[in-house]
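Starting from the known structure of chain U, arrange chain C on it as the hints suggest.
First to last, the protein sequences are chains U and C.
Residue numbering for the first sequence is 32 to 255, as defined by our numbering.
Residue numbering for the second sequence is 84 to 337, as defined by our numbering.
These aren't lab readings, by the way, just hints derived from the structure by calculation.
Note that the structure is a prediction, hence the values are computed from the model and not measured.
By construction, the Cβ of each residue, glycine as well, lies at the ideal position given by its N, Cα and C atoms.
Where hints are given, some of them may not hold.
As the list claims (entries may be wrong) - List of simulated lysine-lysine pairs, DSS-like, C-alpha gap at most 25 Å:
| hint | chain 1 | residue 1 | chain 2 | residue 2 |
| --- | --- | --- | --- | --- |
| 1 | C | K218 | C | K197 |
| 2 | U | K252 | C | K216 |
| 3 | C | K157 | C | K191 |
| 4 | C | K144 | C | K113 |
| 5 | C | K218 | C | K202 |
| 6 | C | K196 | C | K218 |
| 7 | U | K81 | C | K157 |
| 8 | C | K90 | C | K271 |
| 9 | C | K209 | C | K271 |
| 10 | C | K90 | C | K300 |
| 11 | C | K300 | C | K271 |
| 12 | U | K253 | C | K216 |
| 13 | C | K218 | C | K194 |
| 14 | U | K252 | C | K218 |
| 15 | U | K42 | U | K248 |
| 16 | U | K253 | C | K194 |
| 17 | C | K320 | C | K287 |
| 18 | U | K81 | U | K193 |
| 19 | C | K300 | C | K287 |
| 20 | C | K191 | U | K151 |
| 21 | C | K202 | U | K151 |
Unchecked claim - Looking from chain U toward chain C, a few residues come up when the C-beta cut is under 7 Å (computed):
| hint | residue |
| --- | --- |
| 22 | S156 |
| 23 | L160 |
| 24 | T161 |
| 25 | P164 |
| 26 | Q166 |
| 27 | Y170 |
| 28 | Q175 |
| 29 | L246 |
Residue strings, one per chain:
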Amino acid sequence: MPDLGLDVLFKGKNMIRLLGGLWVAVKISLISVAISIPLGILLGIIMTSKNPIIKAVTRVYLEFIRIMPQLVLLFIVFFGTTSALGVNISGELASVIVFTAWGTAEMGDLVRGALISIPKHQYESAAALTLTPSQTYLYVIIPQTVRRLIPLSINLITRMIKTTSLILMIGVVEVLKVAQQIIEANRMSSPNAAFGVYLTVLLMYFIICWPISMLAKRLEKKWG
Amino acid sequence: MAEELLKIEHLTKRFDDNTVLDDISFTVHKGEVIVVVGPSGCGKSTMLRCINALEPIQGGKITINGDEIVYGSKNLSSLRQRIGMVFQSYDLFPHLNVLDNILLAPTKAQKRKKDEVTKEAMELLKRVGLEDKAKSYPRQLSGGQKQRVAIVRALCMHPEMMLFDEVTAALDPEMVREVLDVMLGLAKRGMTMIIVTHEMQFAKAIADRVLFLENGKIIEDADPDTFFENPKTERAKQFLNIFSFERSKENEEI
Chain U
32 MPDLGLDVLF KGKNMIRLLG GLWVAVKISL ISVAISIPLG ILLGIIMTSK
82 NPIIKAVTRV YLEFIRIMPQ LVLLFIVFFG TTSALGVNIS GELASVIVFT
132 AWGTAEMGDL VRGALISIPK HQYESAAALT LTPSQTYLYV IIPQTVRRLI
182 PLSINLITRM IKTTSLILMI GVVEVLKVAQ QIIEANRMSS PNAAFGVYLT
232 VLLMYFIICW PISMLAKRLE KKWG
Chain C
84 MAEELLKIEH LTKRFDDNTV LDDISFTVHK GEVIVVVGPS GCGKSTMLRC
134 INALEPIQGG KITINGDEIV YGSKNLSSLR QRIGMVFQSY DLFPHLNVLD
184 NILLAPTKAQ KRKKDEVTKE AMELLKRVGL EDKAKSYPRQ LSGGQKQRVA
234 IVRALCMHPE MMLFDEVTAA LDPEMVREVL DVMLGLAKRG MTMIIVTHEM
284 QFAKAIADRV LFLENGKIIE DADPDTFFEN PKTERAKQFL NIFSFERSKE
334 NEEI
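Okay, chain U solo, but in the shape it has when bound (with noise of 0.2 Å):
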């Protein structure tokens, strides 16, 4: 059996230290997601109008958000915000900002789409029933659409805890960093380190995003 350099885990604070960097990862998206679903939920009515201008300019913004690589755009908020405007923000502060700019292009669309499937005819028998439009809305379409996007937004939260790796490259001390900082200071006593603490944080990854996903899937299936 190889050496992975576990013990390194045990000494000190280590295990502590590893499971708080990955409350700072999950924190971070969870309240990037808190803020990105209402905002998303009012980004997809709006691209469901019929306005080209409003459509022109919401499709850009879904278009930049998504083509633009994340790390990119953490720079140029953490960077940018100092050298252009002269505002110092923390390096948690510019996650969250990029994160809900990316949760909420993402779950505009998800509404958007979810809007758009359903069927013109929900909304005509709805009306030949003599419901109003705000009763339509309120009693068939958007119960119907919130089934659809809970286990789609469920999803994007996964992927939002999973792309947090890639904020420690604006200093933020998350899991990744906490675990690269371990290795460095064993560098001497436990030389293989690397390899157990980085199997230990994506494992530590695992056990949060997979019950997530399933909790996805389930309501996707109850609600299918």
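Just chain C, lined up with the frame of chain U:
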């Protein structure tokens, strides 16, 4: 003759330059069952949709009990309450169970008491043989069952007349009967109905009057015996021949 319920005068409907309904006029009396037949694309379904103001019209006038039905007008929903409509695609709300599908409009749009409507809904479900399906979801029902629920849902609004838009067209043959039986039952109870259908045998059995539509015009307006046995126009004869084609072919083989 019974009192006039629905009056359609010079109804014209165009999609861009394409005239779908061309100067249609007829009157529906209380308790009358009118069956509308005609080739696909002749405007039958569009006519029903115009009557229920799901489509704007370009000319003419539609009145129910003397009140004009205008697309997009403010009092539209109170006028629509007098007209129940059932579509080809069942269109039950998939996220609600059968009972909630039926209760939604009476309790929300008509603001009636839930327990009173529930009682009525259960009686109606029993009448169409679906009282044990009240808690089922639409996806658990067959096409014929869904369509019967859709009929009950429309009936629970206490409409003065019902519009049926090819309600059996999407059903498997063995489910057609159960839906048509429900409609025959309604006719017996004196419900005023306009039925668009391709089921000629059924049309013959249920109709008080048959309208034959082609290219957006009413070509024949006759009682079913006259229409099916002695159609006046060549076009109607041709149309009816399509339905007797298979039988005459069988006879040839014998």
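Exercise. Return the numbers of the hints above that this structure violates; sort them in rising order.
Key: 11, 15, 16, 18, 21, 25, 29
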